[in-house]
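S.K.: Given next are the chains, with one letter for each unit.
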Amino acid sequence: MIRKIVITLTAVLGFLSLAAAQNLTVSGTVTDSEGYPLDGATVIVKGTTTGVSVGSDGRYELKVTADAVLVASYLGYLTQELPVAGEHTLNFVLYEDTAYLDDVIIVAYGSMSKSDFTGSASQVSGDDIAQASRESVDKALVGKMAGVRIASDSGDPGSAGNVQIRGVGSISAGTAPLYVVDGVVMSSSTQSDLQVGYKSTGILNTLNPEDIESVTVLKDAAAASLYGSRAANGVILITTKRGKLGKTTVSYSGETGISAMANPRAFTLMDASQFIQYLKDAGNNAYALNPAYSYGYTGEQIADMVADPTGRTNTNWKNYVFGCAFQHNHQVSMTAGSEKTQIYVGLGYADTDGIVTGSYFKRYSGRVNVDHRVSDWLKIGVRQMVSFTDSRGHSDQTNQAQGMGYATPLGVLTQSDPTAKPINDDGTWNEYVSWSGQTGNPHLVFASDTEYNKSTMMRSLSNLDLELKFADFLSLVNTFGYDYIDNKQYLWWAPSSIDGAALNGLSAVYVFQTDDLVNSTLMKYSGSYGMNSISAMAGFEVADHQVKYTYAGANNYPNDKLNALSVGQMNGVGGATDRSFMMSFLANVNYDYGNTYYASASYRRDGSSRLGPDSRWADFWSVSAAWRLSNEPFMKNVSRLFSDFKIKASYGTNGNLPAEYYAYKGLYSASGGYGTASGIYWSNPENDNLGWEKSRNFNVGFDWSLYHRIDIALEYYNKYTSSLIFNMPASAVTGFSSYTSNVGNLLNDGIEFELSSQNVTLRNFTWTTDFNFTWQRSIVKNLPNGGADIPYGDGSMYIHREGASMYSFYLPVWKGVNPENGLGEFWVDPEDHSKGVTNYYSEANNTIVGKAIPDFIGGLTNTFSFLDGFMDLSFLISYQFGGSLFDYPGYFTHSDGFRAASMNAAADAADYWTPQNTDAKYPKPIMNNPYRWDRFSSRLIKSTDNIRVREIVFGFNIPVEMNLQAMRVYFKTTNPFIIWSATPDIDPDVAINGYRTVDVPVTRSVIFGVNITF
Amino acid sequence: MKALRYIIPVSLILAACEALDQEPSTSVTTDTAITSVEDLANAVNGAYYVATYGTILTVASEMSIYADLVGPDSYQPASSGQSATRLAQFSMTPADTYNIYFYLYAALASVNNALVQAQQLEDQAAAAPYVAELYAMRGLFHFHLATYFAPLPTSGSTNEMGIVLSDKVFDINYIGERATLSDTYAFIISDFTKAIDSGLNQERNPGHLNYWAALALRARANLYNGDWEAALDDAEEVIENSPYTLYTTDNYTKVWSVTGADEMLMEYIQTDTYNAQRYAPGYYTSPRGYSEYGVSPAFYAWLTQNPSDVRSQMAADMTAAPGSDPDFNAGYYPLKYPGNAGASVPAYVNNIKVIRLSEMYLIAAEAALKAGGSAAPYVNTLRRNRITGYEDVEAVTLNDILDERRKEFFAEGQIAFDFWRNGMTVYGNAMTISADDYRTVLPLPEEEIDLAKGKLVQNPGYGN
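If you read the protein sequences in the order shown, they are chains U and B.
Residue numbers for the first sequence follow this note's numbering, beginning at 1 and rising by one.
Residue numbers for the second sequence follow this note's numbering, beginning at 1 and rising by one.
Honestly, the hints are just simulated from the structure, not real lab data.
Note that beta-carbon positions come from the ideal geometry of N, C-alpha and C, so glycine has one too.
Mixed in with the good hints there might be a few duds.
Claimed, not checked - If the Cβ cut is set under 8 Å, some of the chain U residues that face chain B in the computed set are:
#1 Gly437
#2 Asp544
#3 Ala732
Make a model of the complete structure from these sequences and hints.
M.R.: Spelled out as structure tokens, the structure:
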């Protein structure tokens, strides 16, 4: 109200002074919403060419007529008009044009205006990435883009995340997207190239998210097929920050916080009294059936063997395995630039402790990006990153289906006796708390240095770009990239440790060294002839990938004190080198007519050493077109509703290679031995016909901007993958369990919807909403051998069946507990209930009981800004529906007594059948249960449907003095709570294939952060 | 400038085409793998390696004590949740048996492939002993599979299915059908015969099948197959002419850590590098290991009732745990896995005993008895080398021979087979299993059943 009056008064006064002052001097500032001067902004008199440029202090001065209207503009900001109305001072505050941020999109081998782009891609700014995760860029993408699914199932810091773009691209070949950093394809190392199976280690987290300018996900063929053979699973382009022209800025950002298990209900086990009763019942039920099942003891006798048979000691071991963890990270960066040279320097340090004692992740990273214009015709860009990561943790279930390790967090938790005291009366840790006798006190296992996995990784990523300009329309761009990763994994099992006892200590070092050398040379052309503009390029690329693996191990250590290899006796050594090579030719052309009609085409020919000479070359191509209807005269009447409207379609092919290096060769392995002699054996059957996996992608959609405020994008995609690289099961009689072949077809299709809306854009209050929604399916279309089902996975728990989803669980169906006798029942034939039920797992037949891939996924972000940008609040919610998980830990914690002799059970498993509790959820427990109700069945399939708050950020932009440019403080929480979950006792974040193996569940954290710019 | 576009690529392509042919660093292509007799010798080693590969449920791990676990004299001092307990409790399902099946067939595939490659060698005379050994290995690996996955021919089982025979290199799409039980044993015996007749080495060569080992195994196969005369002939031949000698009361307790001991006709060598680690029988019989295989209290009492029998020292009473160490699983344990001499981890590294000379005496005795001859001399000879102050007996019964087998071969993977092939019921710790019980035979892996789509018939009692 007050503001309104002021404006009115100004207008009145202005009118009065009009006659007096024909030439008025107006001065003021042009700043952004946070008060920073916008150096280089222009202020002009509307309708004229009169104007001035704003100085570095943000001030301007201009002689005008009193009735003039001034227009302030700055690239990337919304222009603002203010009437002079006789005022001597006019201050402009310009707001960022969010549409502009998306205006330039990074694409394959270059960048282009988003409006000219005919493919399908989503881009996220580096700020959003750094805000979501300072650990790893993949984990930061959760909920931010349609069609992109992130599964980071482990809360272990430094572990790998999984990213899936538009469904599952392959059955047996890789399903991970291709990562390209600053135009150079990153190490194509699969996880197995880089780590041993003890603990998950991600290589992406060597990249400091704070050095990232933007992340672009290329989804369709038009966007991705220039990457040809490796683009079948989509491409993620990461662009790092560049130096900027203008004033040198130095900024610091830091965060500190604590984290804990995100879902506190997970892994709650029976308490002391429940456990004692459970042992009595499980023991007695077993004794009655056959005393051998309970080792000849009655239930009472077994229950007497616990540490405190009275049950008065009640230890919640979960608190000793999983705790709170501290984290902090710091980044100092500098940008500087002149006309000739721009520099960006970033130095970062991140230190995150895991929620299991003794686990941590540390990263030291540095990056220097220099762009230099040598002359009018030569530009050089040099980008160098060096990063060291150091992580420590404990064995987890990375190596799926190997059972519960004795020294893994879950293994120790489940085997700890809840009636045992954690600490002896004399204050020492109680060593003897393991009910199975096979593990130790969680504190001693995890906090002591007797048993751990450590990984140190050094990564150097170098780019050299040369651009030779022959003419305005013709240039040659040479990009050279070298990615070197040195990952050393250390395993130490001290002689006194659980795993080390039998070996009298084991120390091992695994060294994985990968070199990736990529060189591409492109000729680029662009030109326009009247309304026609054309850009085109052609070139070639070579990529050399090499992995060297070395192993050395020693055992028989004198004591726990020293773990250097030289201290023990030699246990084993190993080493191997694998190499793959690819060469490619590529070309593309983009055409547009009057920014209204667009057409593009691309072509790539790839040859790979992973395939035999007759099948190693393949061609990939795409065509695409778009039509900007909003530029058509017939749309003029609705130009505000359709401030921009474009329809587009694309079609093309992508490929995928076998994950194995030499799958096509018939091989004898020389890695065996017998006694002290060497041995060779037939290790791979010859398969000369092995070829590329090919997918055909169709994409159609529109981009629609309403009133310049609401942006909507809707797309339908259909990706049909044929000649799947498939690990066909083979009969063991042939000597092989499987072989690689090109068979079968897979269909992925889906609908993606993205909405971005500026709901309120008042000066003191802005509110924007970003929403995305994806409906997807991933269907097996054709299978070999006449379409016969192919069971696979741990105990054949998954099935490939024509018409069924990928990652379909194929298991017996649990009917429930018979209230009469307390026995568990399965349907004999789940598809024909007339065949009745059985108490024996082995007599139950399987059916599809769920699928891991959700039908719907998406996210919602709301951002509010108050008081002229002084305060802001944003929160991100993600959701998914229609998927299931396989609860592998549940197989151990709901064993119906089968594992009572070695493990505690889940707290909810205490609701088992007794003659008094006939309406129980679980059957009567029987030690060494011969019925095996616990085995993999529909009982272990749980819904992953959930709506979850991923992140809340509450920040203040504090007004600062002249020597500071900006200061921001914020509070942030990640995974703060689950709004709704179909399975409340389990964290629904699991791996892409739905196999819940996590030893360290996803964490939630509360973080305080500060950003200061000097 | 346009020329640049062509010059650079062309030169790079010439360099790069070579690069598109990459070779692995730990393998060679099949056609270049066996080009000399030394390569063939390595291929023989490689097939042993595959069969005894250090993992769960192979002939070097749990399966080496399978017939003990399911026999009358075992019990489980602890349940560590491992496969030995599953075997002992007869709870193996078709989902659990893949390794048992796979590694032996994988070894057979390597054997058959090596037999094909060996034909290209110029010096066939030098290759002959290795070719003969490959045949003997083929017989042995089939014999293992037959005892696990098919009934024993003389058990009286109505199941007459044998196993899929791996007699050549198969195409990768091959789906085999089960041979009949009689064809299976005929094949095993014929492979041993082929080996014996084609120049197998007669010298001792620990860890390798030589002439005498093949003969001894043929004796066992003939006995299992109910051909008493043939079994007796083979056993006699080994007893009379082989360079092997019986252990004695003096050395009996010391031979278990020795490679190439006096009696050892065939053993699978285990080393610090190649062993089954925690799935090794040594770890299962260790009170600080998995402790899933101990001898029953009754067996211990029976074994130790005659202290002058040296075999009474081969099991130990460890029921009194030292101190209050909860990591120690109290029980009675066999002492046949003390660790190979010099082994870095004794519980992991014990050679797997496949066949030794004592068995020839007991095969001869049983075959002679069944063929109507005199069994006592064989038993007397053996006992004189086991019992201090032993006095010969006039006659022995089948039960006497079986009791002798229980004492001599416990923890060596034979006992349950001896009972069942004689039609006898095993009164075990957990179960009572008659010789015609379906559980005397393990289920074929479900992966194989699923893949074969009806061509491969599951053993009775395991679904289908």
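S.K.: Decide, hint by hint, whether the structure agrees.
M.R.: Status of the hints after comparison with the structure:
This hint holds: Gly437/U has a C-beta 5 Å from the nearest C-beta of chain B, less than the 8 Å allowed. Checking Asp544/U against chain B: minimum C-beta separation of about 7 Å stays under 8 Å; hint holds. Residue-level restraint check for Ala732/U holds (minimum Cβ-Cβ distance to chain B is 4 Å; threshold 8 Å).
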